[in-house]
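S.K.: Residue numbers (the numbering used here), protein chains in the order written: chain C, 1 to 259; chain A, 1 to 321.
Just so you know, these hints were derived from the structure itself, not from any lab.
Only a predicted model underlies this, so the values are computations on that prediction, with no experimental measurement involved.
Any given hint could be a false lead.
[What the hints assert, rightly or not] Beyond 12 Å from chain C on every Cβ pair, some chain A residues (computed):
id: 1; residue: Ser26
id: 2; residue: Leu27
id: 3; residue: Gly32
id: 4; residue: Ile51
id: 5; residue: Asn76
id: 6; residue: Lys78
id: 7; residue: Gly108
id: 8; residue: Ile216
id: 9; residue: Leu237
id: 10; residue: Pro245
[Claimed, not checked] Ranges of calculated distance between the beta carbons of each label pair, as one might list FRET restraints:
id: 11; chain 1: C; residue 1: Asn169; chain 2: A; residue 2: Thr258; range: 57 to 63 Å
id: 12; chain 1: C; residue 1: Leu241; chain 2: A; residue 2: Glu75; range: 50 to 56 Å
id: 13; chain 1: A; residue 1: Gln124; chain 2: C; residue 2: Leu241; range: 43 to 49 Å
In this text, a Cβ means the ideal position worked out from N, Cα and C, and glycines have one as well.
Below, each chain spelled out in residue letters.
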Amino acid sequence: MTSRAAANWVAFNTILRKEIRRFTRIWQQTVLPPMITMTLYLLIFGNLIGPRIGEMDGHRYIDYIAPGIIMMSVITNSYSNVVSSFFGARFQKFVEEMLVSPTPMYLILLGYVGGGVARGLLVGAAVSAVTFVFADLRIEHALVTFLVVLLTAVLFSLAGFINAIFAKNFDDIAIIPTFVLTPLTYLGGVFYSIQLLPDFWQKVSMLNPILYMVNAFRYGILGISDIGIEFAFGIICLFILMLYLGCLTLLNRGYGIRS
Amino acid sequence: MQPKALAVVDLHKTYANGSVALSGVSLEVERGEFFALLGPNGAGKSTLIGIVSSLVNRTAGKVFVFEHDMDRDAENAKACIGIVPQEFNFNLWEQVIHIVTNQAGYYGLPRGLAQERAEKYLRQLGLWDKRHQRSRELSGGMKRRLMIARALVHEPKLLILDEPTAGVDIELRRSMWDFLRRLNADGTTIILTTHYLEEAESLCESIAIIDHGKIIEDTNMKALINRLHTETFILDLAEPLKELPVTNGYVLRQVDPTTLEVDISKDQGINKLFEYLTDNGIRVTSLRNKANRLEELFIRMISADDEPKSTRVAAEAPRSE
Chain C
1 MTSRAAANWV AFNTILRKEI RRFTRIWQQT VLPPMITMTL YLLIFGNLIG
51 PRIGEMDGHR YIDYIAPGII MMSVITNSYS NVVSSFFGAR FQKFVEEMLV
101 SPTPMYLILL GYVGGGVARG LLVGAAVSAV TFVFADLRIE HALVTFLVVL
151 LTAVLFSLAG FINAIFAKNF DDIAIIPTFV LTPLTYLGGV FYSIQLLPDF
201 WQKVSMLNPI LYMVNAFRYG ILGISDIGIE FAFGIICLFI LMLYLGCLTL
251 LNRGYGIRS
Chain A
1 MQPKALAVVD LHKTYANGSV ALSGVSLEVE RGEFFALLGP NGAGKSTLIG
51 IVSSLVNRTA GKVFVFEHDM DRDAENAKAC IGIVPQEFNF NLWEQVIHIV
101 TNQAGYYGLP RGLAQERAEK YLRQLGLWDK RHQRSRELSG GMKRRLMIAR
151 ALVHEPKLLI LDEPTAGVDI ELRRSMWDFL RRLNADGTTI ILTTHYLEEA
201 ESLCESIAII DHGKIIEDTN MKALINRLHT ETFILDLAEP LKELPVTNGY
251 VLRQVDPTTL EVDISKDQGI NKLFEYLTDN GIRVTSLRNK ANRLEELFIR
301 MISADDEPKS TRVAAEAPRS E
């Protein structure tokens with residue numbers, strides 16, 4: 001490894017470690033709440049209402065929604081970690097610590113994305129532990145399951161980064177999660193199969209990227225999906241590529257970080 | 001020939017709102033120099049420093065740091081610079097030690113070395129005992145020193161300080177001066193912007209003055225001070241003066257019964273005035289400059305820059321008296 005490559009590796013690790021330290025230090029605000037929220041979802045929708053709904057695609061309702069609930073926590077946590085952390089760095093101006101250093105922009109981006117992925121995976125694992133108490137789950141395709149969670153966390157970390165770049169105040173970092181992310185997640189097939197929808201709404205649902213992630217993850221765990229698994233992976237990778245290039249272009253132009 | 005520590009060539013900066021901050025600034029700082037960059041508020045100092053430290057986008061122009069082109073070789077150029085900004089820009093919730101070691105990490109220093117350097121500079125700046133405190137718990141002076149420790153942790157060849165002693169008490173300011181002098185003596189090139197002109201005169205050997213986005217002076221401190229042809233001194237007298245003495249060639253003014261003010265040109269010297277005062281039974285207990293010499297020059301130059309061209313030439317011409 002050349003000295004510059006070694007220095008870059010150290011810089012990346014520094015950002016990643018700092019990001020992980022940030023959310024683990026405040027675990028009561030970052031890890032615990034999604035565990036409680038998801039427990040309530042499982043308790044109310046799965047245990048109380050679920051038995052009255054019956055089976056969905058040949059599975060108990062609680063087993064059907066469990067993968068979506070895990071995925072929902074991965075999505076919201078990877079997104080909110082990056083958006084709040086990078087906007088905080090901009091707001092308090094300590095993003096300048098990195099900007100004056102030789103750390104290339106792509107490594108700053110990857111460091112923050114790494115932090116978002118780490119929180120997404122940690123919360124995902126914690127929620128999974130809770131889920132396994134309520135639901136009877138067996139992982140059908142372990143590699144698919146892991147890859148989908150990983151890529152989803154990457155995708156929403158990148159999306160959170162873009163939100164953080166454009167945000168002008170703290171309200172702006174709450175608008176997208178509230179008015180875009182939450183509706184898309186709820187309408188992304190977490191609680192139902194899109195086969196239940198009329199033809200028109202099935203087609204509209206296909207425009208929702210979260211549908212692909214939830215279904216790919218459900219395929220990994222239950223072995224069932226509304227969408228072709230290869231197609232789902234293709235869509236996720238395409239979004240990751242577009243968001244990565246978008247973030248990098250904004251960073252290199254100095255949007256929101258340089259005057 | 002040794003490479004220049006910093007060379008900026010024809011820098012222009014126009015902000016999105018159309019305000020022109022820099023128009024054609026060119027400047028060279030020699031290796032090992034202690035360089036002052038002065039100018040009134042809004043003159044373009046912070047924009048210039050922002051461009052050199054990559055925090056402000058240039059509209060046009062080039063920046064070279066130890067001959068590394070900021071456009072083509074930004075990583076090596078940035079590795080040479082340590083920056084102490086005017087405003088606090090660290091994470092207020094982070095511990096002091098983490099702020100410094102993280103900065104070392106951004107510059108690629110392995111963890112062991114980063115911790116070693118953090119200890120070295122936090123000790124030198126009197127912050128080692130505070131290393132586990134969150135930065136928001138530090139006093140204003142400590143926060144300034146933290147930014148200096150952070151800027152030094154990768155041992156840059158060029159240290160840029162933007163108003164480092166703003167809001168710092170006199171004792172601490174003096175100790176920071178000593179620290180910076182030692183740093184410069186050890187080979188670090190230092191660029192300093194300050195509003196305390198006494199600070200610039202005391203520390204720096206070279207000086208550039210920027211106003212309205214243009215360099216209006218770029219010289220060494222001694223040559224600049226030598227341009228001051230008349231200085232005003234304050235004389236404190238032992239006894240109250242009943243009548244203002246008439247002196248040959250000296251312009252005296254009585255401020256109060258025991259204080260005199262006198263303008264003395266360079267070719268007059270001060271000895272004859274003392275001889276005259278002694279002959280007339282006036283005993284002087286102390287003597288001091290009315291204003292800092294650089295401050296006098298600075299105000300003259302900035303005022304001259306605001307005047308029309310013809311008046312400015314007259315103002316800059318040596319006085320004949």
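S.K.: Against this structure, judge whether each hint is valid.
M.R.: Hint by hint, here is what the structure shows:
1. Ser26: holds, 21 Å
2. Leu27: Check passes; 19 Å lies beyond 12 Å.
3. Gly32: holds, 22 Å
4. Ile51: Non-interface label fails for A/Ile51: nearest chain C Cβ at 10 Å, not farther than 12 Å.
5. Asn76: violated, 7 Å
6. Lys78: violated, 4 Å
7. Gly108: violated, 2 Å
8. Ile216: holds, 24 Å
9. Leu237: holds, 53 Å
10. Pro245: Holds: least Cβ distance 58 Å, greater than 12 Å.
11. C/Asn169 with A/Thr258: 57 to 63 Å: holds, 59 Å
12. C/Leu241 with A/Glu75: 50 to 56 Å: Distance hint for C/Leu241, A/Glu75 is violated at roughly 25 Å.
13. A/Gln124 with C/Leu241: 43 to 49 Å: About 47 Å separates the Cβ atoms of A/Gln124 and C/Leu241, which means 43 to 49 Å holds.
The structure is inconsistent with the numbered hints 4, 5, 6, 7 and 12, although it conforms to all the rest.
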